[in-house]
Structures are given as structure tokens and as C-alpha cells.
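Engineer: Here are the chains, one letter per residue:
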Amino acid sequence: MDAIEGVRVALDAIRAHKMRSFLTMLGIIVGVAAVIAMLALGEGARRQVEQSIKSLGTNLLYVRPGSVRRGAVRLGAGTVRNLTLEDAEAIRAECPSVADLAPYIGAGAQVKYGNRNWSTYIVGATPEYEAVNSLRIEMGSFFDLTAVRTKARIAVIGKTVVENLFGDEDPVGRIIRINRVAFTVVGVVAERGGTHWFDPDDMVIIPISTAMFRLFGRDRLSGINVKVWSEDRMKQAMVEVEDVLRRRHRLDESKENDFTIRSQMDIMSVYGETARTMTFLLAGIAGVSLIVGGIGIMNIMLVSVAERTREIGTRIAVGARRIDILSQFVVESVVIGLAGGVIGVAVGIVGAQLLNSLAGWNTAVSAQGIALAFGFAAGVGTFFGIYPARKASRLDPISALGYE
Amino acid sequence: MVLIKMTGITKDYRMGEAVVHALRGIDLEVEGGEFLAIVGPSGSGKSTLMNLIGCLDRPTSGEYYLDGRKVSDLSDDELARIRNKSIGFVFQTFNLLPRTNCLHNVELPLLYANIGRKERERKALEILQEVGLGDRIHHNPNELSGGERQRVAIARALVNDPSIVLADEPTGNLDSKTGSEIMSIFSELNREGKTIVLVTHERYIADYAKRIIFLKDGKIVSEDAGILR
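Chains as they are written, first to last, in our numbering: chain A, 74 to 477; chain B, 7 to 235.
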């Protein structure tokens, strides 16, 4: 019996038991749909993270002060220097790959307006911060060099801060208090869109000199954001910045960097890794339901074999070989698995759309996700079909025919 | 020409500790074109003998030649091929596939003989017309009477043009009038040259055959010529 006839026989058997076949498929349908929806959810989250990191600016290097090592290599407290404004100026002067840079000092603080207050992140920055971080100013303006020179008490605030302190009020020109110091709001940064992990709109930007001398009382930088001329010079720029800082910090060859340089790529891959782990976890749980669906197939096929013992005996009597019986039942469970897979893919895509439009979660159905879920469904159908099919093919024809 | 030649056939079944000797040395020859009935009380071994002749089982000892070929030690797949090509079964309980129409039921042996769909349909239709069911081909077995079902089963047994038709109590589930209709189909087939081996425990059914062997306790005890024909 050839393959086409085998499939036809299987389809006849499935059609003959419509309700039972559908219920068997249901396990696979739910499993495949769940896997696809979960993968789509994970992929959507990953893309969103990627996009919001990109929105923070392109071609950026993040230089951060390193922590003091307390490990085997002991450095005297005085030999470790944090980043300073002089370091930033040296990078600007000596690194040809660097287009621009923005040193900043940041810390969390309580911000008050009237009787409302909001805990947010204060960034003391230079005017370059606007261009380097690709900020768009929605209302008012960013501050200029004069503001830094005069330690002006003015602030540019993010959307999240606007929402929480001002509601619908126009914030420009209003007075807010940061740690009891009064600041005039001069601008609002356009929304950059956050993720569940990180909200770039939840910050207040003030002149760096004001932050150092009026607010925090320290002059060590929290970091330097470095803009590189182009993407293909990122590696080169990292080397240049590292050389300058090692020289300025007097680190000889035996000593490790007392700072870190990370590119946007590094950060993206960290977040990407997190998102991937979540995706696999969710899809794994969904995959368990596929296995359960497979056990459902096996269960029904065993019932079917028992119920059709006489049919199997008859087929053997008219000349079916063991392999014919085996393949008949395997094909039947594979067809159930595949049909369940097809319906499951459709349900999964619709489900992902619904999650998007009803729950507002970002979802992205990927071709790999569909292929994975579908392939898994076919595999489950085959695997769990083999045992009942073997059982059928090993029936003794005489007892199967109902003799003695 | 000798179609079936059995010498010293025995068949033992193991039932837990005990061994049941179902057949204790059968010597049997059947010529092509014969109409043979195997008669005996239940437990006499006639079904076991039938299964051996039909290549559904292998003897414990002894030799069985079918159509000049030794089949007593063939593999499962070779036996399946012989059942497919050389033997047509008719069962007491008809054994038609439920939810499958007459045409497809009759096509079944051709399916396992790897015959194309058009040719299968043509042959099945031809045989169904011969047994008088040309207008019932799209009916499922549960829409047919017992006699009609057995005629479908006979059509299925004949469709591969086998050397032997094996019938196991073919009238056991039919009333006597329908039973004799079915038996006259066998007689007619035999007149056309088919070899028929019939198993029954009823003497008046056996009398349709031209030769009757009586089985008791796994041995052939006597032989007789049929009286009706």
C-alpha cells in the first residue's frame, strides 16, 4: 500500500470518528497555540526593549567608574580615581573617533511641586547631553553653557515626571523643589518610550555644576556618554577611550581597569538575553501542554486499536503485512498531530493579535516560532502514535478475527 | 493438479502450563477445482486446520505445500502475500469494515496488492455486479441485510482471483433460506472452477460439498462424498 492510500485510509478513519478526532486534536491545538502566543509575546518584548534602547541614541559608548576591587589584587584607596570632568575633556581632546561626549552626575532624589512629590532620578549634565543622548525637547528648551557657568537652578524634566507632578498643567516656568532647593522648569523632554524594566522618561536634568555644588556636594562623575562618529568606529573608539583613561589613571599593565566601557550593543544583548530566557521559560511551559496533548493522542489511539481489533484482523486476513498495519496507525496519529498543528497555528496567531489589541502587550509572531511549534506537533503525533501502532501491528490475526 | 498437500501436520497450543494438541497429524490433499467440506464438533480442530490452510498460522510440525510451494516455514510478510494473492476468506461474522461502503470493502485486498485506484474500482464493481449487488455499491454494511453482507464478503474474497476460497461457517449467522442462497453461490463458483474449502458443523451445509472430511480430536476420522451434488 503506498503513502497516498495510507493517508486516505487514515483520513477515512478520522472522518468516521469526527468528535473523537477533534477532541484528540484539541490537546495539540491548545499546545501549539500556547507555544506560538508565548513566543510571540517574548519576541514582542525583545523588540520593544531593542527599540527603546535604540531610542536612547545611536553610536553611544557608556563609560562608568569601576568599583574598588576588594579581591586578591588590593589597590590602595588613594590609587583608584573615579571619573572626573578632566577625564572627559581629555577624551574629547585625544580620541579622534569621538564625535561628542556628555559627562554627567546622577542620583535619586525627591522632587516636589505644590503638595505633590515624586521620587525620580536627577541628572546633572552639560548642554551636550541633549545632542549626545538624542533628546527631543517638546516644550521650552534645553539649558546652555551659561546656565552651567552660573550654576543656574533650572531643570528640564521627562514626561513621567510631568505626569506625576503636573498632570495636565503646563510645567514650563513652574517652580519645583529638589531636596528643598527651588528649580525653575525650562523644558520638557519628548517621550522616548520605556519598557517594563527601565523608563528613560522618569528623570530631571539640571546643569552639572548646579548638581555638583548645590545639590549633591561631590564632583566625581556618574558616567560619561560618548558619541562616536559612526557605527564601524565603535571598536576603535573603545580602544582610544580605554588608552586615555588608563594613562590618566596611571594604571600599569598589571592593573585592571578602574572603569568600564560598554556599547549599546552590550546593553542590548544583556536585555535581549533576559527577554530570551523569559521567552524560553514561557514557551517551555506551553510546550508541556503539547506533551500532554501527545499523551492524549496515545490514549485515544490505544482505545481505537482496541476497538478496531476485528478490523485489524480482517486486514491481516486479506493480506496486510505488519508494516501496513503499523504505518496505517502511525499515519493516523501523525495526521491528527498535523491537523491539530495547523489549527493551533491559526489559533495562536489570532491569540497573539488579541493579546496585542485587548491586553496591549506587544506581540510579534515569528516564522521560526510557527515552524518550531508545528514541527513539535508533528513530532509529538509521531512519537505518541508509535506505541499504539506497534501494538496493533503485533496482534495475533486469529484472536483478532475473534476466533476461539 | 494438487493444490493443497499437507503431511503430518500437528498444532499445539500452550495454555499456561498445559499444552493443547489441537491437531494430531493431518494428511490432506485437495485437488484444484474441488469443493471440500471440513466437518466436526466444536473443539475438533477444524478452525485450527482452516487457519493453517489460510496461512494465518504455522503448524507446529509437518509440511504444507500450497500450489506447489512450501508455505509451512515462510516469514510473516510472505504469508501475508500468499493470503493476499492465493486465498479468499469468507467469515461467519462477515468481517466487513464498518463505516466503509461496499465498493471500498471489496477493494481492500487490491489495496494491499498495490493495485491502482481506477483498476481497483473497476474490478470491485465487476465482482459486486456478479454477486448481484451492483446497485448497492455505495451502501455501508449496516444498511444491508445479512445475506447481502455475506455476498459483499464473498465478492471481497473473489476480487483477487484467489486459488482457494476458504469459508468458515458462512451461513452461521443467516436464516436457512438466505443460507441456502449463499451456499448456491458457492456451488456456482465451484461449477465455474473455483476450489472451495468450507468449514461447518452442520451436515446439511456440508452436503453442498463434493467431498466431506470429518474431524475429531485433531484427526481426520472418515471421508465421505456429499449427497446433494
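These are calculated hints, taken from the structure and not from any lab test. Hints should not be assumed to be uniformly reliable.
Stated by the list, open to error - Here are a few chain A residues that sit away from chain B, every Cβ distance over 12 Å (derived from the structure):
id, residue
1, I77
2, E78
3, H90
4, D241
5, G290
6, D292
7, R293
8, S303
9, E326
10, E329
11, V361
12, T387
13, A444
14, A473
15, L474
Said to hold, decoys possible - Derived DEER-like restraints, expressed as beta-carbon distance ranges:
id, chain 1, residue 1, chain 2, residue 2, range
16, A, A451, B, H207, 48 to 56 Å
17, B, N148, A, L375, 20 to 28 Å
18, A, G448, B, R128, 48 to 56 Å
19, A, T382, B, E37, 48 to 56 Å
20, A, R93, B, N148, 17 to 25 Å
21, B, T99, A, Q441, 48 to 56 Å
22, B, P47, A, V361, 53 to 61 Å
23, A, R467, B, R123, 48 to 56 Å
24, B, K76, A, T382, 39 to 47 Å
25, A, Q441, B, G140, 50 to 58 Å
26, A, R93, B, A119, 24 to 32 Å
27, A, L375, B, P47, 36 to 44 Å
Stated by the list, open to error - In silico SDA-like pairs for lysine to any residue, Cα to Cα no more than 20 Å straight-line:
id, chain 1, residue 1, chain 2, residue 2
28, A, K91, B, E136
29, B, K124, A, A76
30, A, K224, A, E211
31, B, K91, A, R395
32, B, K124, A, K91
33, A, K308, A, D274
34, B, K91, A, K91
35, A, K464, B, K124
36, B, K124, A, V80
Virtual Cβ for every residue (Gly too), placed ideally from N, Cα, C.
Engineer: Does each hint fit the structure? Answer for all of them.
Structural biologist: Hint check:
Distance to chain B contradicts I77 of chain A as a non-interface residue, since its nearest Cβ pair spans about 9 Å, not more than 12 Å. With a least beta-carbon separation of about 6 Å from chain B, E78 of chain A fails to lie farther than 12 Å from that chain, contradicting its non-interface assignment. The non-interface label for H90 of chain A is inconsistent with chain B: the shortest C-beta to C-beta separation is roughly 9 Å, within 12 Å. The Cβ of D241 of chain A sits about 70 Å from the closest Cβ of chain B, beyond the 12 Å cut-off, so the non-interface label holds.
Against the 12 Å criterion, G290 of chain A stays outside the reach of chain B, whose nearest CB is about 88 Å from its own CB. No beta-carbon of chain B is positioned within 12 Å of the beta-carbon of D292 of chain A; the least distance is around 88 Å. For R293 of chain A, the shortest C-beta to C-beta distance to chain B comes to about 84 Å, beyond the 12 Å cut-off, and the non-interface label holds. A cut-off of 12 Å between C-beta atoms confirms that S303 of chain A is not in contact with chain B; the least separation is 67 Å.
Residue-level check passed: E326 of chain A sits 77 Å from the nearest beta carbon of chain B, beyond 12 Å. Taking the minimum C-beta to C-beta distance to chain B, about 73 Å, the non-interface status of E329 of chain A holds against the 12 Å cut. The claim that V361 of chain A lies off the interface holds: its Cβ sits roughly 35 Å from the closest Cβ of chain B, which is beyond the 12 Å cut-off. Not every Cβ of chain B is farther than 12 Å from the Cβ of T387 of chain A; the closest lies at roughly 4 Å, contradicting the non-interface assignment.
The claim that A444 of chain A lies off the interface holds: its Cβ sits roughly 33 Å from the closest Cβ of chain B, which is beyond the 12 Å cut-off. A beta-carbon of chain B is positioned within 12 Å of the beta-carbon of A473 of chain A; the least distance is around 10 Å. Consistency note on L474 of chain A: stated as away from chain B, yet its beta-carbon is not over 12 Å from all of that chain's, at 7 Å minimum. The hinted range of 48 to 56 Å is satisfied by A451 of chain A and H207 of chain B, whose Cβ atoms lie roughly 52 Å apart.
Between N148 of chain B and L375 of chain A the C-beta distance comes to about 25 Å, which sits within the given range of 20 to 28 Å. A C-beta distance of roughly 41 Å is found between G448 of chain A and R128 of chain B, which places it outside the suggested range of 48 to 56 Å. Between T382 of chain A and E37 of chain B, the C-beta spacing of about 36 Å breaks the proposed range 48 to 56 Å. For the pair R93 of chain A and N148 of chain B, the supplied restraint of 17 to 25 Å holds, since their beta-carbon distance comes to about 18 Å.
In this structure the supplied range 48 to 56 Å holds for T99 of chain B paired with Q441 of chain A, their Cβ-Cβ distance being about 53 Å. Taking 53 to 61 Å as the suggested C-beta distance range, the pair P47 of chain B and V361 of chain A conforms, at roughly 59 Å. The hinted window of 48 to 56 Å between R467 of chain A and R123 of chain B is violated, with their beta carbons roughly 29 Å apart. The beta-carbon spacing between K76 of chain B and T382 of chain A, approximately 31 Å, falls outside the hinted interval of 39 to 47 Å.
For Q441 of chain A and G140 of chain B, the hinted distance range of 50 to 58 Å is satisfied, since their beta carbons lie about 56 Å from each other. At roughly 31 Å, the beta-carbon separation of R93 of chain A and A119 of chain B lies within the given 24 to 32 Å, and the hint holds. Evaluation of the 36 to 44 Å hint for L375 of chain A and P47 of chain B yields a pass: the beta carbon distance comes to about 38 Å. The straight-line distance between the Cα atoms of K91 of chain A and E136 of chain B is roughly 35 Å, outside the 20 Å bound, and the hint therefore fails.
Restraint check for K124 of chain B and A76 of chain A: the C-alpha separation of about 17 Å stays at or below 20 Å, so the hint holds. Taking the CA atoms of K224 of chain A and E211 of chain A, the gap is about 24 Å. The hint is violated against a cut of 20 Å. Proximity of K91 of chain B to R395 of chain A is assessed by CA-CA distance (about 16 Å); at most 20 Å being required, the pair is judged to hold. The hinted pair formed by K124 of chain B and K91 of chain A fails the criterion: a straight-line CA distance of about 28 Å is larger than 20 Å.
The straight-line distance between the Cα atoms of K308 of chain A and D274 of chain A is roughly 29 Å, outside the 20 Å bound, and the hint therefore fails. Distance hint between K91 of chain B and K91 of chain A is unfulfilled; the C-alpha atoms sit about 34 Å from each other, more than 20 Å. Of the supplied pair hints, the one linking K464 of chain A and K124 of chain B is violated, its CA atoms being roughly 33 Å apart against a limit of 20 Å. With a C-alpha separation of about 17 Å, the suggested pair K124 of chain B and V80 of chain A falls inside the 20 Å cut-off, and the hint holds.
Taken one by one, the earlier hints fail for this structure at numbers 1, 2, 3, 12, 14, 15, 18, 19, 23, 24, 28, 30, 32, 33, 34 and 35, listed in ascending order.
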